[in-house]
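Q: Note that the protein sequences, when read in sequence, are chains A and B.
In short: position in the first sequence from 1, add 18, done, that's the working numbering.
In short: position in the second sequence from 1, add 18, done, that's the working numbering.
Treat the hints with care, as some may be off.
Which copy? The list can't say, so a pair holds if one copy fits it or any two copies do.
[Said to hold, decoys possible] Derived BS3-like pairs (lysine-lysine); straight-line CA-CA distance at most 27 Å:
#1 86 - 64
#2 175 - 78
#3 86 - 67
#4 123 - 162
#5 162 - 86
#6 162 - 67
#7 78 - 20
#8 162 - 64
#9 20 - 123
#10 87 - 123
#11 64 - 87
#12 87 - 45
#13 64 - 78
#14 45 - 86
#15 78 - 67
Don't read these hints as lab results, they were simulated from the structure.
There are 2 protein chains.
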Amino acid sequence: MKVVSIIGRSGSGKTTLIERLIPELMKSGLSVATIKHDAHNFEVDKVGKDSWRHKNAGAKMTIVSSAKKIALFADSNGDSSLESLCERFINGVDVVLTEGYRMSKYPKLEVTRVENGELICGAANNLKAIVSDYQFDRGVPVLKPDNISEIAEFIVKLPDLDEPDK
Amino acid sequence: MKVVSIIGRSGSGKTTLIERLIPELMKSGLSVATIKHDAHNFEVDKVGKDSWRHKNAGAKMTIVSSAKKIALFADSNGDSSLESLCERFINGVDVVLTEGYRMSKYPKLEVTRVENGELICGAANNLKAIVSDYQFDRGVPVLKPDNISEIAEFIVKLPDLDEPDK
Chain A
19 MKVVSIIGRS GSGKTTLIER LIPELMKSGL SVATIKHDAH NFEVDKVGKD
69 SWRHKNAGAK MTIVSSAKKI ALFADSNGDS SLESLCERFI NGVDVVLTEG
119 YRMSKYPKLE VTRVENGELI CGAANNLKAI VSDYQFDRGV PVLKPDNISE
169 IAEFIVKLPD LDEPDK
Chain B
19 MKVVSIIGRS GSGKTTLIER LIPELMKSGL SVATIKHDAH NFEVDKVGKD
69 SWRHKNAGAK MTIVSSAKKI ALFADSNGDS SLESLCERFI NGVDVVLTEG
119 YRMSKYPKLE VTRVENGELI CGAANNLKAI VSDYQFDRGV PVLKPDNISE
169 IAEFIVKLPD LDEPDK
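From just these sequences and the hints, can you work out the full model?
A: Rendered as structure tokens:
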């Protein structure tokens, strides 16, 4: 399994890139999970649903399970690290793409548009590539955002968790 | 930790009972998680949200994590057993209340109204009590649905997972 973070400023195109990478990675037979860091107090379940009623009544965690899907809603005491989320919840997938988690140890691709200004990530953050239509000289490859197959190939070549860093 | 299932026919009042039991159990300092079996193909995340976009692009699992909450959406190949859901996802709570899961090994309370007809659960299903305004002679206590503190006490006295059955 490998964990790769797609990071960048708000509006840089992180979600769109992840949305396009998933089917591209799946074409190569890889299974993908995603983890998104949310800085806001997001609301996901639907008011009035049974699971919402359970959670709203004070349950620390509510799970809904059907033959096709599982959904889980849990309280958190502060931001969970990417490491702990992977350990607690992820198994049986080939690639975990994260949106955000700039401070984790995992390899990162930064997405940026010219209007996004300075990069937020550098070598110290394990930056492996920049995804942009513009040129950068930061000692890492610059990949074009529309060249999804190239970005997917780059991700596939990044080391797995149990391999030494290349 | 103990796992107790609230079972009963559709419309018998399972969700309402769970919704009332959670704060009652919390009054005693207990933390509660819930697991609901859903027979339908429920939709929980909101169309257009980033997490929905990840999942909809083909991710097998999508997690959203903020400082206050964690949400997880995963594919499932058939109904997960209650045992496997508990093992995979639950830790650090005192009581797990489930809505449904009649066929699990865990102790059960059946909720029933007179219009619900025959009970769906018996001694073979580890039925521990009936929650109803009507009388039943099935060798287990019959608890009144409005006497929430009595039902909560009954649940608290059920054996923990690591105790031998009482």
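Q: Does each hint fit the structure? Answer for all of them.
A: Tested hints:
no., hint, result
1, 86 - 64, "both (19 Å within a copy, 18 Å between copies)"
2, 175 - 78, "between (39 Å within a copy, 21 Å between copies)"
3, 86 - 67, "both (18 Å within a copy, 21 Å between copies)"
4, 123 - 162, "within (24 Å within a copy, 55 Å between copies)"
5, 162 - 86, "neither (36 Å within a copy, 35 Å between copies)"
6, 162 - 67, "between (43 Å within a copy, 25 Å between copies)"
7, 78 - 20, "between (30 Å within a copy, 15 Å between copies)"
8, 162 - 64, "neither (38 Å within a copy, 30 Å between copies)"
9, 20 - 123, "within (12 Å within a copy, 37 Å between copies)"
10, 87 - 123, "between (30 Å within a copy, 22 Å between copies)"
11, 64 - 87, "both (16 Å within a copy, 15 Å between copies)"
12, 87 - 45, "within (22 Å within a copy, 32 Å between copies)"
13, 64 - 78, "both (17 Å within a copy, 21 Å between copies)"
14, 45 - 86, "within (22 Å within a copy, 35 Å between copies)"
15, 78 - 67, "both (17 Å within a copy, 23 Å between copies)"
Taken one by one, the earlier hints fail for this structure at numbers 5 and 8, listed in ascending order.
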